[in-house]
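Asker: Residue strings, one per chain:
2 protein chains.
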Amino acid sequence: MDQQQLFVKMAVDGWNQQLKFTNDTLDKILDEELLNEISPGKNRGIYLLGHLVAVHDLMLPLLRFEEALYPELVQPFIKAPDKTVADLPPVSQLREQWNIVNDKLAAHINNLSPADWFTRHNSVSEEDFAKEPHRNRLNVLMGRTSHLANHRGQIVLLVPKSK
Amino acid sequence: MDQQQLFVKMAVDGWNQQLKFTNDTLDKILDEELLNEISPGKNRGIYLLGHLVAVHDLMLPLLRFEEALYPELVQPFIKAPDKTVADLPPVSQLREQWNIVNDKLAAHINNLSPADWFTRHNSVSEEDFAKEPHRNRLNVLMGRTSHLANHRGQIVLLVPKSK
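So the sequence lines, in the order shown, correspond to chains A and B. Read in order, the letters of the first sequence correspond to residues 931 to 1093 in the working numbering. Read in order, the letters of the second sequence correspond to residues 931 to 1093 in the working numbering.
Quick caveat, the hints were computed from the structure, so don't treat them as lab data. Hints may be right or wrong, so weigh each one.
Heads up, the list lumps identical chains together, so a pair's fine if it works in one copy or across two of them.
[To be verified] Straight-line Cα separation of at most 30 Å, DSSO-like style, residue types lysine-lysine; simulated pairs:
1. Lys1093 - Lys1009
2. Lys958 - Lys1093
3. Lys1061 - Lys958
4. Lys1009 - Lys1091
5. Lys958 - Lys939
6. Lys1034 - Lys958
7. Lys1009 - Lys1034
8. Lys950 - Lys1061
9. Lys1013 - Lys1091
10. Lys1093 - Lys1013
11. Lys1061 - Lys1093
12. Lys939 - Lys972
13. Lys1034 - Lys950
14. Lys1093 - Lys950
15. Lys1034 - Lys939
Isolated chain A (complex conformation) (with noise of 0.2 Å):
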């Protein structure tokens, strides 16, 4: 293993650690207990799991990987803030989303060479990412994986005690 497929690993590893440890937090917490806000008056758990499908599938194209499949998410669970708008789907459907989208990103994060991640996102331009290399790939998903392990210390407040 050469050093960049060696560190290509360590970030891919840490990613999905994060994911797992939020998949065994939500499967212990029921679709009705994630309507409860994690603190009094703070976000509810159904905001947060709308907030991180949101983010992660817009990972899709900012990796550059294909366009989002979900962007009707990001005005509810990114632009407005929880408890301002009135319509939220359903949890139900969120936990679907958020299992075809993590699904989507791990399919194409196992099929990206190690080379390939260190080239830049979609969100820097060729000229920029000249002069700073380090707005690779790689470092959107270093990026996203301690987004994830933030909002995954704050759902588990919502799993029940006796879990």
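Using the hints provided, position chain B relative to the given structure of chain A.
Answerer: Here is chain B on its own, set in the frame of chain A:
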């Protein structure tokens, strides 16, 4: 910048970013507000701060930098759950230790050569490391970045609405 320098920069930048986010969050919370639970029945801010100090302190030996500064924090903030230890250090002391331990880590982090980041961390043997080269010091830093993000997402719940 060669490939190895680039990887190290990506991982160290990610670590520094999460530290900055966490410090910005802690700056908005008063010492007495850190005595509150992040959500009813859950960990208190003081416990999460002490936990982060203790975990970061253990990175000093784990990364083969130097001995831990505050081994006495392991029992109350890692081994014991919150609200089971009667006498915790005051928040003001934990904040001071938090800054000291992160400054110590930063000095070592900034001094370590890119090649040395890809050597083994302290809890893997030379023999196992030969077979599993991803168990290196940089991987510890990446894992602790997610750990920090996870708990930062919880501590942020204590920031008063006005800030």
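Asker: A separate judgement is required for each hint: does it hold in the structure or not?
Answerer: Now for the hints, and whether the structure bears them out:
1. In the homo-oligomer, the alpha carbons of lysine 1093 and lysine 1009 lie at most 30 Å apart only across protomers (20 Å), although the nearest pairing inside one protomer, at 33 Å, exceeds that limit.
2. Taking identical chains as interchangeable, the C-alpha atoms of lysine 958 and lysine 1093 lie at most 30 Å apart only when both belong to the same chain, with a minimum of 7 Å there against 33 Å between chains.
3. In this assembly of identical chains, lysine 1061 and lysine 958 lie within 30 Å of each other by CA distance neither inside one copy nor across copies; the values are 45 Å within and 35 Å between.
4. Taking the shortest alpha-carbon separations for lysine 1009 and lysine 1091, only the inter-copy value of 19 Å comes in at or below 30 Å, while the best intra-copy value is 33 Å.
5. For the identical chains of this complex, lysine 958 and lysine 939 are intra-copy neighbours only, at 29 Å inside a copy versus 37 Å across copies, given an alpha-carbon limit of 30 Å.
6. Taking the shortest alpha-carbon separations for lysine 1034 and lysine 958, only the intra-copy value of 24 Å comes in at or below 30 Å, while the best inter-copy value is 39 Å.
7. Proximity of lysine 1009 to lysine 1034 under the C-alpha cut-off of 30 Å is restricted to the intra-copy arrangement: shortest distance 24 Å within a copy versus 39 Å between copies.
8. In this assembly of identical chains, lysine 950 and lysine 1061 lie within 30 Å of each other by CA distance solely across copies; the values are 24 Å between and 35 Å within a copy.
9. In this assembly of identical chains, lysine 1013 and lysine 1091 lie within 30 Å of each other by CA distance both inside one copy and across copies; the values are 26 Å within and 16 Å between.
10. Proximity of lysine 1093 and lysine 1013 under a CA criterion of 30 Å is satisfied in both settings, with 28 Å inside one chain copy and 20 Å between copies.
11. Taking CA atoms no more than 30 Å apart as the test, lysine 1061 paired with lysine 1093 passes in neither setting, with 49 Å inside one copy and 36 Å between copies.
12. Taking the closest pair of Cα atoms, lysine 939 and lysine 972 never come within 30 Å of each other, the shortest separation being 36 Å inside a single copy and 35 Å across copies.
13. In this assembly of identical chains, the alpha carbons of lysine 1034 and lysine 950 lie at most 30 Å apart only when taken from the same copy (15 Å versus 32 Å across copies).
14. For a Cα distance limit of 30 Å, the shortest separation of lysine 1093 from lysine 950 inside one copy, 17 Å, qualifies, whereas the shortest one across copies, 33 Å, does not.
15. For a Cα distance limit of 30 Å, the shortest separation of lysine 1034 from lysine 939 qualifies both inside one copy, at 18 Å, and across copies, at 29 Å.
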